[in-house]
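Peer 1: Given chain A's structure and the hints, the job is docking chain B onto it.
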Amino acid sequence: MLRYTVRRLGQLVLVVLVLSLLIFAWLHSLPGGPVSALLGERATPESTRALTIQLGLDQPIFVQYWKFLLRALSGDFGVSLGVQPGASVVDVFLTRFPATIELSVCAIILAIVFGIPLGYLAARRRGGWFDNLSIGASLIGVAVPVFFLAFLLKYIFAVKLGILPSLGRQDAIDATRVTGFFVLDGLLTQEWDASLNALKHLILPSIALATIPFAVIFRITRAAVLDVQDEDYVRTAESKGLTTRVIRARHVLRNAMLPVVTTIGLQTGALLAGAVLTEGVFNFPGVGDALATGFRQHDYPMLEMLVLVAAIVYVLVNLLVDLSYALIDPRVRAK
Amino acid sequence: MTITSRKARIDKLAENGDAGVSLVASAWRRLRRSPVFLVGAAIIVAFVLIALLSPLLAPHDPSATLLLDQVSKAQNKIPDPQPGYPLGGDDQGRDFLSRLLIGSQQTLMVGVLATLFGLAGGLVLGTLAGALSGWVDTVVMRIVDVMLSIPSILLAVSIAALFVHPNQYTVIVAVAIVQIPVFARLLRGSMLAQRASDHVLAARALGVKPGAIVFRHMLPNSLSPVIVQATIVLATSIIDAAALSFLGLGNPDDSVPEWGSMLGRSQGLLDSHPELSFWPACCIIVVALGFTLCGESLRDALDPKNRR
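Chains A and B, in that order, are what the protein sequence lines are.
Under my numbering, the residue at position 151 of the first sequence is numbered 151, and the numbers go up by one with no gaps.
Under my numbering, the residue at position 305 of the second sequence is numbered 640, and the numbers go up by one with no gaps.
Hints listed in this document are in silico derivations from the structure and should not be mistaken for laboratory results.
The hints are all genuine.
Okay, the calculated bits of chain A under chain B, using three or more residues with CB under 8 angstroms as the criterion:
(1) 18-28
(2) 130-143
(3) 147-161
(4) 271-279
(5) 283-296
Each residue gets a CB set at the ideal place from its N, CA and C atoms; glycine is no exception.
The shape of chain A in the complex, shown without the other chains:
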């Protein structure tokens, strides 16, 4: 287990290195290269030359990459140009990251809490109306563009009905900041109102974000339970006279959970991508919104860091999934 973990971490380092190379190459192949990306329409030959020298772009490409790596390792990603002009990219990231984490946690909890039980129920009533209805719903859920769903939710529940807030993380109320996680802050400082208010702001965005993971988790759970319940060991357990409850909990569900855990992991990693499409709709100041704005306004220093972080988070989550796999399934551990 330890050796496996170490080997996977080694692979992770390699992937991150390749990624950094890719992102470096990407920055350099953006239309006009980094200089015109930075200067935009204000570019004059003099300012272009000055910035080229200032950024060290006149040096050999390997030297540039090495400097880029050193800079990235020391946590210096430059200054934001469009998202929050003038602010350090790392600071912008640090204030926005808790927001996205909060949103993602809410979304994945929603997806799991509804996806697994419904998937299990659908499998038990295979072919019944509940099964067909929920499969149909999950197929439609995947077919709806996420950003349109977000707009629809905002339009119905916030604009028309006015029962939920439509924008931001919290209303302008007096709230003490401790961790940057607004819901948690409210609980820590016992400002229940602030906590509840932040939670209300999370409802609509997290529903929008949760639809696709929900649909996928639901379908995988259903398929896995169907696969498992015809296995020989389930029949053996039945013939041994175990109670239905024990068979379901210990034999069917536990074995069916393997693919589900993988799926949950993959979907959690992909939530950031979904956040790019939903956060902007709700003016939710998270990393996804920063990415979307960054692309619109060509804020390349911001994008450079965010894409790298997004990829690292994604790879890390996948690593955690594989490790948890080994914990659940003794067969994987043995290899």
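Peer 2: This is chain B only, laid out in the frame that chain A set:
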């Protein structure tokens, strides 16, 4: 039992066929009876027909600003439905119904081309990895892993940002590249399974050339998960293209309509004119659903476990 009667019995058995049914034939037999497939196929046929016939069906030129005099940016007004214009106009005074109808053409093109590009790339990489193994496999799979380590929308957006002059083809390329690693991975997996199978071993023992083994024995038998994925990618690529134009990285020229960019562009007007988003969204959802339904029923039908 005499020899002749035994012979006769064998002949009779052969005639009455417990003759083997090919996977494709049995899959087709099951597909024809599957309501899910029929609904999906009906949607796709209707979609393709509309795309082909839309020049005849559309009442007006989709890029002509016929109702421009009824548009007011200041008062946030767009033309209402009126005689000759059943769905009214869009924010530039163009006939909305005509744009929806003609839009099916570009949408179909985005879906089909993106899927074909992705499929072609995936086939090359997957075949290389699955057939050659060794260091080729390692290199290809590492590339694939790195591509998969960036969430798909983010990768598509990053690729789209590289183009100086975005147009509908850059959108297609960006959406397609994201699909390559998925196809490559699927194909490699099922090629590896084929490589270990008995019929490949038999072919090798008979002295069939390696190239023929790969292209006539392994590849055709490995294609079914790839085909299923391609059907589903037809749906996701249309949705991804819509997401790109929502993020402002789509085709900046909207004189030729496409549902994805119609949807992506109209989001800013959603509060005042929800119908501008609603119709293209409905079209996309229905078409995506059609492809997904077909893909799902195809997956079930091609699954040897379900074979009777």
